[in-house]
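Enquirer: Following the hints, complete the assembly by docking chain B onto the known chain U.
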Amino acid sequence: MQKTTLPVAGLLIASATLAAAETPGLTIYTYDSFVPDWGPGPAIAAGFEESCGCEVEFVAAGDGASLLSRLLLEGPQSEADIVVGLDTNLIARARESGLIAPHGVEADFDLPIAWDDPDFLPYDWGYFAFVADAGTEAPADFQALAESDLSVVIQDPRSSTPGLGLLMWVKAAHGADAPAIWEGLADNILTVTPGWSEAYGLFLEGEADAVLSYTTSPAYHLIAEEDASKVAWAFDEGHYMQVEVAAMVAGTDTPDLARDFLAYLVSDPAQSVLPTTNWMYPAVTPEAGLPEGFETLIAPERALLFSAEEALSIRDAALEEWRTALSQ
Amino acid sequence: MSLRAPGLTAAAFILVLLFGTLAAVALRAEPGAGLAPADWAALRFTVSQALVSAGLSVALAVPVARALARRSFPGRGLLVTLLGAPFLLPVIVAIVGLLAVFGRNGLLSLVLGWVGLPPVQIYGFHGVVLAHVFFNLPLATRMILQGWLSIPAERFRLAASLGAPIGAILERPMLRQAVPGAFLVIFLICLTSFAVALTLGGGPRATTVELAIYQALRFEFDLGHAARLGLVQVALTAVAAALVWRIAVPDAMGAGLDRVVPRWDGSRGVDAAWIGLAALFLLVPLGAIGVRGAAGLADVPASIWPAALRSVSVALVSTALTMALALALVLRGGRLAFFAGVLPLAASALVVGTGLFIVVRPFVNPTVLALPVTALVNALLALPFAVRVLAPAHERAEAGFGRLADSLALTGTARLRLVLLPRMRRALGFGAGLAAALSMGDLGVIALFAGTGGETLPLAMFRLMGSYRMAAAAGTGLILVALSLALFWAFDRGGRVDARA
Chain U
254 MQKTTLPVAG LLIASATLAA AETPGLTIYT YDSFVPDWGP GPAIAAGFEE
304 SCGCEVEFVA AGDGASLLSR LLLEGPQSEA DIVVGLDTNL IARARESGLI
354 APHGVEADFD LPIAWDDPDF LPYDWGYFAF VADAGTEAPA DFQALAESDL
404 SVVIQDPRSS TPGLGLLMWV KAAHGADAPA IWEGLADNIL TVTPGWSEAY
454 GLFLEGEADA VLSYTTSPAY HLIAEEDASK VAWAFDEGHY MQVEVAAMVA
504 GTDTPDLARD FLAYLVSDPA QSVLPTTNWM YPAVTPEAGL PEGFETLIAP
554 ERALLFSAEE ALSIRDAALE EWRTALSQ
Chain B
-16 MSLRAPGLTA AAFILVLLFG TLAAVALRAE PGAGLAPADW AALRFTVSQA
34 LVSAGLSVAL AVPVARALAR RSFPGRGLLV TLLGAPFLLP VIVAIVGLLA
84 VFGRNGLLSL VLGWVGLPPV QIYGFHGVVL AHVFFNLPLA TRMILQGWLS
134 IPAERFRLAA SLGAPIGAIL ERPMLRQAVP GAFLVIFLIC LTSFAVALTL
184 GGGPRATTVE LAIYQALRFE FDLGHAARLG LVQVALTAVA AALVWRIAVP
234 DAMGAGLDRV VPRWDGSRGV DAAWIGLAAL FLLVPLGAIG VRGAAGLADV
284 PASIWPAALR SVSVALVSTA LTMALALALV LRGGRLAFFA GVLPLAASAL
334 VVGTGLFIVV RPFVNPTVLA LPVTALVNAL LALPFAVRVL APAHERAEAG
384 FGRLADSLAL TGTARLRLVL LPRMRRALGF GAGLAAALSM GDLGVIALFA
434 GTGGETLPLA MFRLMGSYRM AAAAGTGLIL VALSLALFWA FDRGGRVDAR
484 A
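Same order as they appear, the protein sequences are chains U and B. Numbers in my numbering are just positions in the first sequence, counted from 1, shifted up by 253. Counting from 1, position 114 in the second sequence corresponds to residue 97 in my numbering; the numbering is continuous, with no gaps.
One chain only, chain U, in its complex shape (with noise of 0.2 Å):
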């Protein structure tokens, strides 16, 4: 057996120094959304690479959550140079680890908050909420969800990241009342699924009134599939933000290349790629404005979000107030 698998590796590794050899290569961690054919990724690598005479190769790492496990893992020997997909839950810890260097890249953000962190560049954002059909009665707020029939599924917070996202946007818009929301909310959630993509099939299955996802999931039945039946419920206490971010690793041997990268990546070409790609509202607006069909999103009038180190400080509590009011 090892007969066979050895050569296969000595070949791959072959093949790997040789193409390194060439020409200076850049090596991105991200979430496998962001590098199939139909993702971000492909488009970015080959806007970058016109220019700066380099190889963008992605090692894409399960979602945010696994691939700051892999540089943690990995720790200051990590070969990437750039990670990109890591968001305001991940943030706090990442830094903690040391791995992370300061970006210098200035850019003039299209965010509903203030942002000002050296050592995390966003690329992209959006809002949580539960998605459902456009015939569904929508409760106007968690407590009207509550008294409601309507059935949703949502994530699992210690598996998924729009799980946790939603775990602090009951905390952000109730505080100290979360637990009692929680409580209300538990004959109303269908099931809680270990990711985004099993909550997300079982909403389309019909299994659920509504699903938790984001703002901008109409937009890609709309856009892609030409189906306008999906709506996303609009909350008076306002909805929750998903920052999604980019940053350089501290070890990086190409320092200067991954900080041309990350400019590039807040850069009208690269911006104007992510609407339809990663289907999240792009941090930069693009000139031309955000495809036709975000502008039938709901628009939030209040943004929440804990910062990075508040992020972190609270979780535990919340989970655990999460975890008593469903297991009852």
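I should point out that these hints are in silico values taken from the structure, not numbers from a laboratory. Any given hint could turn out to be false.
With the Cβ distance kept under 8 Å, some of the chain B side facing chain U (calculated, not the full set) [claimed, not checked]:
(1) 82
(2) 181
(3) 284
(4) 340
(5) 396
Small disclaimer: the values here were computed from a predicted structure and weren't measured. Positions of the beta carbon are idealized from the N, C-alpha and C atoms, including for glycine.
Expert: Leaving out everything else, chain B in the frame of chain U:
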């Protein structure tokens, strides 16, 4: 060369891989100790759902296997092959299939609606058990059917001509040998379940130990906590395995001429009902997967074909490895081989993967090793199934022909080639089929090592789902299921030629 010698190497290899990776994770951890109250709750839920799921799967499998063993009808061979399917389905595909029947908009709710009843509520403890029975009933049926087919036809004839009770003298001893093993394997599979339990369990009540490991590794990066939970799983497995080791007794019957004749005992109607119900329970969800998948085939991107090729190659490599290890263990026999053959079931793919990652990283870029490591871990995870299938067949071959072989001084590879392997052919085929198909469907560690490209079919499917492309994912799921079944069928066919369908 003694046939028992390679078994020691195989057992050592497996145990080093299992405990070495666990140790690698633990050594990277910051000091800490103990389990949180939430861990204990997860442990209780994990064990109770696994007990109920395994008990129900095996209890239902006995009548179904008996009916299949003694009836022949058109399509029996196909049905026996399809029995392999649910077990081999990627979790999320299986859940979608189950929901097509038991979900809010499922067939069952539709039928209930016609008579004015509310839709079925699948989410909860019973939903977890239902899904686990769906996955494991076919496996239990196949394992027990294997036992039935191993009772020589001559014995049934003899018993009938003597008017002896078949149940008491032939079937019960066989069941006593086959059932504990089947129960153990299924109990352990359910023990490490995570996505099924969480998705259908309806909330954090349905937290399993495996989910807690996932959380510790991925969200908290608390390697010590993950390693402790991994040890809990291994301990649970060891206890369960020790119990089974005491219960299961080798059967003492002699061998026959490897032929199966149709039987005349038992009620035709009852057998037909068992087969019909089992087929309905298993095939309707499979049909739903087929229909949905077929609709999505047009959306499947071309990039999944190289992924399919990669998956098949990984499956073939890991099957060869599994079968070599399993055969070595089985030929050795004894306690060490038994435990080495069971413990991998307790292995959390995530812990083994993380451990391997830590171990290989100083020497080579893990991305390069994504496929070899996937093949290795898949081989490890499939090993217990192959061992469970091969062990009884080997015992019977030795019991029936061992003395004859001894008297002819047949030892070493000649004994293996001339005496044992031909008698174990059916089991070898079934075991290899299981290993191949399991390796196809397993997401396991590839996600941890994967870089750009190099993705396998399950990973490709998962990535499609992550980008809203549910239809394309369903199509990919169908291709995955079809390829898994084809591999399973190809290997298993060799084993079933004399099952006299």
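Enquirer: How about residue 340 of chain B: closest beta carbon in chain U under 8 Å, or not?
Expert: holds (6 Å)
Enquirer: Given residue 82 of chain B was flagged as interface, is its beta-carbon under 8 Å from a beta-carbon of chain U?
Expert: OK, holds: residue 82 of chain B within 8 Å of chain U, min 6 Å.
Enquirer: Identify whether the interface hint at residue 181 of chain B stands, where standing means a beta carbon of chain U within less than 8 Å of its own.
Expert: For residue 181 of chain B, the interface hint holds, since the closest Cβ of chain U sits about 5 Å away, which is under 8 Å.
Enquirer: Can we keep the residue 284 of chain B interface hint, with Cβ of chain U closer than 8 Å?
Expert: holds (6 Å)
Enquirer: Tell me if the interface restraint on residue 396 of chain B is satisfied: Cβ within less than 8 Å of some Cβ in chain U.
Expert: Result: violated, 18 Å to nearest chain U Cβ.
Checked against the numbered hints above, the structure violates only hint 5.
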